[in-house]
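S.K.: Once you have looked at the hints, place chain A on chain F.
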Amino acid sequence: MTDADGFSLRSVVAGPPAEPILCDVSVDIPASGVTVIVGPSGSGKSTLLRLLNRLDDPLSGEIRWHGDRLDAIAPQALRRQVATVFQRPPLFPGSVLDNFRVADPGVDTDRALHVMEHVGLDGALLHREASALSGGEAQRMCVARALLTRPRVLLADEPTAALDLDARLAIEALARQLADEGIAVVWVSHDTDQLRRLADHVLAIVGGTVAAFGHLADLDASEDAVVRRLVGAPGAGGAS
Amino acid sequence: MTAVAIASAHASIGLGGLAASGMLIAVAVAISLWRRLGLERSVLWAATRALGQLLIVGWALQLVVDPDDPLFWSGLWLAFMLLFASWTTAQRAPGVPRVFVLSTIAYLMSGLVTLGVLFGFQIYEVEGRTIVPLAGIVVGNSLSATVLVSRQLLIAAHEQRAVIEGRLALGLSAADSFQPHLRQALRTALVPQIETTKAVGIVALPGAMVGLILAGVDPVDAVRVQISVMYLVLGSVATTTTVMSLGISRQLFTSAQQLRRFDPAT
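From first to last, the protein sequence lines stand for chains F and A.
With the first sequence counted from 1, adding 216 to any position gets you this note's numbering.
With the second sequence counted from 1, adding 13 to any position gets you this note's numbering.
Hints in this document: simulated from the structure, not taken from any laboratory.
Just so you know, even glycine gets a beta-carbon here, dropped at the ideal spot from N, CA and C.
Honestly, I wouldn't trust all of these hints.
To be verified - Negatives, chain A to chain F, calculated, CB over 12 Å: (1) Pro80; (2) Glu138; (3) Arg174.
Said to hold, decoys possible - Label-pair distances were calculated between CB atoms; the ranges are: (4) F:Asp284 <-> A:Arg274: 21 to 29 Å; (5) A:Pro107 <-> F:Gly451: 53 to 61 Å; (6) F:Gln297 <-> A:Leu89: 51 to 59 Å; (7) A:Ser186 <-> F:Pro246: 26 to 34 Å; (8) F:His282 <-> A:Val204: 47 to 55 Å; (9) F:Pro233 <-> A:Val40: 56 to 64 Å; (10) F:Leu342 <-> A:Val126: 39 to 47 Å; (11) F:Leu342 <-> A:Arg274: 34 to 42 Å; (12) F:Asp409 <-> A:Arg274: 28 to 36 Å; (13) A:Phe113 <-> F:Ala378: 39 to 47 Å; (14) A:Ile215 <-> F:Ala378: 45 to 53 Å; (15) A:Leu121 <-> F:Gln297: 36 to 44 Å.
Unchecked claim - Partial pick of chain F residues on the chain A-facing surface, computed with a CB cut under 7 Å: (16) Leu271; (17) Gln292; (18) Thr300; (19) Arg317; (20) Ala319.
Excised from the complex, chain F in its bound form:
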């Protein structure tokens, strides 16, 4: 990996100006595989994710994507390449197909059914009201909707936090499948078990700064007990 791959953050400060949440964050997030961001509540995980597709801008510091400054890329173009799945899936009025047409106004039924199959969503749901979907179905629909923009990165902000175990595992499998197909996944999680099932790389954030970054095995061997606990390293005790 070089600095030109994926996201490169340098001395990033972000959050409310009076009380920044992220302080002096410098890290390179790879352009492949699944990177799981882990940390205690309020440590700045979601704040960091929102910077990566410019739903927010940093107060200071620099973020680059594939070598280009993020603020030099048109926000709409960036967001179609860096898609986001939120914790609570934002459903737009109308059917599943109507939701797809927000992302791609020209989507036809064949393409819609193809993308539904891709995310493991029953094609019979295409004309169902989005509000009538179960939590797991709604989240899959949001992933499918995001895939219609043909993104290179999928940001996922605790996308399974409100789902039962079966739905959680299904969404995790989908993330792994997308990563294997070449779409980098950056996934925020509180769940240590999930982190250990899913992560190729782990970014541990504590108190608004980077506590550790690397492969899971590296963080398991960290000298920092907080990091070992965050990643659920064997013998480290419960996750915080």
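M.R.: Below, chain A alone, put in the same frame as chain F:
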């Protein structure tokens, strides 16, 4: 002879008549006392304030209604009316970004469009007795709809933040992401005015028409004046709320198509 000029024949209510009509206020006060509503002071204050305000307005209107009066006084009146309406809007819709400037522009644009049509097609003659009352109708009827649409937009930006950011995250522009909420806010502001327009003459006789008839004008002539006033109201409310909502929508987002944070409670 223009429609308004038809109303030159007038009826007069003497001080006795005015005092007698005040008995109706006594009825409202009596009901409040009887049912222990605690509204006696409010009723009396409202009635007294309305009396004072209208007497002052009546006196001041004499400065502008005479055909020999220079239009300067009408212009001054309009400027005061415009600024007061913008100030009132700012007071009633706190938290809306740049609300004073936006509402001033909205009322001004609305006045230009609607009065431009009325005067441009010579439906009314350009003189103090037409400019001031018609502009008053534009601003007065647009004010509550403007406040309503401003509040609705701010509440939507706050409560529907997840959905708006969901659209932004899919690469939609700020305008497209907010479009459904803007449409809903405009509908909320305009539908009552449309319903009122539909019900006119059936549910209630409008004030301008009643005033003309009481002043001795032929009812058919009064109806023609009233129709032009109703269309003026509908057009002005539509124009003001549209200009206002488009202006607010731009203020809600940064140049990087990010939804700013606002608290509608402030």
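S.K.: Of all the hints numbered above, which does this structure not satisfy? Sort the numbers upward.
M.R.: Result: hints 3 and 19 break, sorted rising.
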